[in-house]
Amino acid sequence: MRLQRFLARAGVTSRRQAETLITNGQVTVNGTVATLGSSVDPLRDVVLVDGQRVKMADTVTWLVLNKPAGVVTTRTDPQGRDTVFDLVPNVAGLTYVGRLDYMTDGVLVMTTDGRAAHLLTHPSREVSRTYEAVVQGAAMQALDQLQKGVELDDSTVYVDAAHVDKLGRSKWLLSLTLHEGRNREVRRLCEAVGLSVDKLTRVKFGPVGLGDLPSGQWRPLTPVELRGLAIRGGVSQ
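Here the sequence shown is numbered in the working numbering, starting from 15 and rising by one per residue.
Bear in mind the hints are in silico, worked out from the structure with no lab data behind them. Every residue gets a Cβ at the ideal spot worked out from N, C-alpha and C, and that includes glycine. Be careful, since some hints might not be right.
[To be verified] With a straight-line Cα cutoff of 25 Å, these simulated SDA-like cross-link-like pairs (lysine to any residue) come out:
no., residue 1, residue 2
1, 218, 101
2, 180, 151
3, 218, 171
[Claimed, not checked] Label-pair ranges, simulated between beta-carbon atoms:
no., residue 1, residue 2, range
4, 185, 74, 39 to 45 Å
5, 89, 197, 15 to 21 Å
6, 161, 42, 51 to 57 Å
7, 55, 229, 38 to 44 Å
8, 88, 65, 16 to 22 Å
9, 155, 65, 50 to 56 Å
10, 212, 170, 24 to 30 Å
11, 64, 234, 28 to 34 Å
12, 105, 193, 25 to 31 Å
13, 196, 158, 19 to 25 Å
14, 161, 74, 35 to 41 Å
15, 137, 100, 29 to 35 Å
16, 163, 197, 16 to 22 Å
Please build the complete structure, drawing on both the sequences and the hints.
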């Protein structure tokens, strides 16, 4: 098995990012610094990434975490802040599918299948993400702009669905569905149409929703959710 494929299947990272780790000399096989094109036997070879041993998981884990705001979507944080990995089981190779920024809460799918995690976040798969944002500003005018398309990063972003509900004199609940996941995309879209965001929640990723899952808690994905993700390809059930 190619080394970069092994690292992706073990849930360390995507295959492309694995190539970067190998090129940077961060990966060793049986004590020797690996090179691109190396092959490994998952049952016999000892593979280390930054000094930590990597093993192929016997079974694939899929779960959803209701990520709280104020938690970092990363494995470790130089500032010592809480991370999403503090809230889930200590499973070798576990990674997240689509990052949520520090102050955004809600659905965070996690898996030990690194290849599937990469595929499900690739724009070509068009996996939908639904968000609810508590916003302030001219919401009806902003809604019209969002439905026509908004320029971000020299390209036009189109939402799949959008609507607003009035919460009070100056606050609105904006619901948006998109099929891509650029960095801080929803916050930047809101800023571009003159809305300020008080709170942002991802309520759905593909077929996976929160239901009654409390903040900071996790649950395994259901067979129905796994089948829904498998339609987009790459999901081990």
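Hints and how they fare:
Among the hinted pairs, residue 218 with residue 101 is consistent with the structure: their alpha-carbon atoms are about 19 Å apart, no more than 25 Å. Only pairs whose Cα atoms come within 25 Å are accepted, and residue 180 paired with residue 151 is accepted, the gap being roughly 11 Å. A distance of roughly 19 Å separates the Cα atoms of residue 218 and residue 171; the hinted pair therefore holds under the 25 Å criterion. Checked against the hint of 39 to 45 Å, the pair residue 185 and residue 74 passes, with Cβ atoms roughly 42 Å apart.
Between residue 89 and residue 197 the Cβ separation comes to about 18 Å, which falls inside the hinted range of 15 to 21 Å. Between residue 161 and residue 42 the beta carbon distance is about 52 Å. The supplied range of 51 to 57 Å therefore holds. For residue 55 and residue 229, the Cβ-Cβ distance of about 43 Å falls inside the hinted range of 38 to 44 Å, so the restraint holds. Evaluation of the 16 to 22 Å hint for residue 88 and residue 65 yields a pass: the beta carbon distance comes to about 19 Å.
Range check, residue 155 to residue 65: about 54 Å between beta-carbon atoms, so the 50 to 56 Å window is met. Remark: the range hint 24 to 30 Å for residue 212 to residue 170 is upheld by a beta-carbon distance near 26 Å. The hinted range of 28 to 34 Å is satisfied by residue 64 and residue 234, whose Cβ atoms lie roughly 29 Å apart. For residue 105 and residue 193, the Cβ-Cβ distance of about 29 Å falls inside the hinted range of 25 to 31 Å, so the restraint holds.
The hinted window of 19 to 25 Å between residue 196 and residue 158 holds, with their beta carbons roughly 22 Å apart. About 39 Å separates the C-beta atoms of residue 161 and residue 74, a value consistent with the hinted range of 35 to 41 Å. Taking 29 to 35 Å as the suggested C-beta distance range, the pair residue 137 and residue 100 conforms, at roughly 30 Å. Separation of residue 163 from residue 197 is about 19 Å and conforms to the stated range, judged on CB atoms against 16 to 22 Å.
Hint compliance for this structure: no hint is broken.
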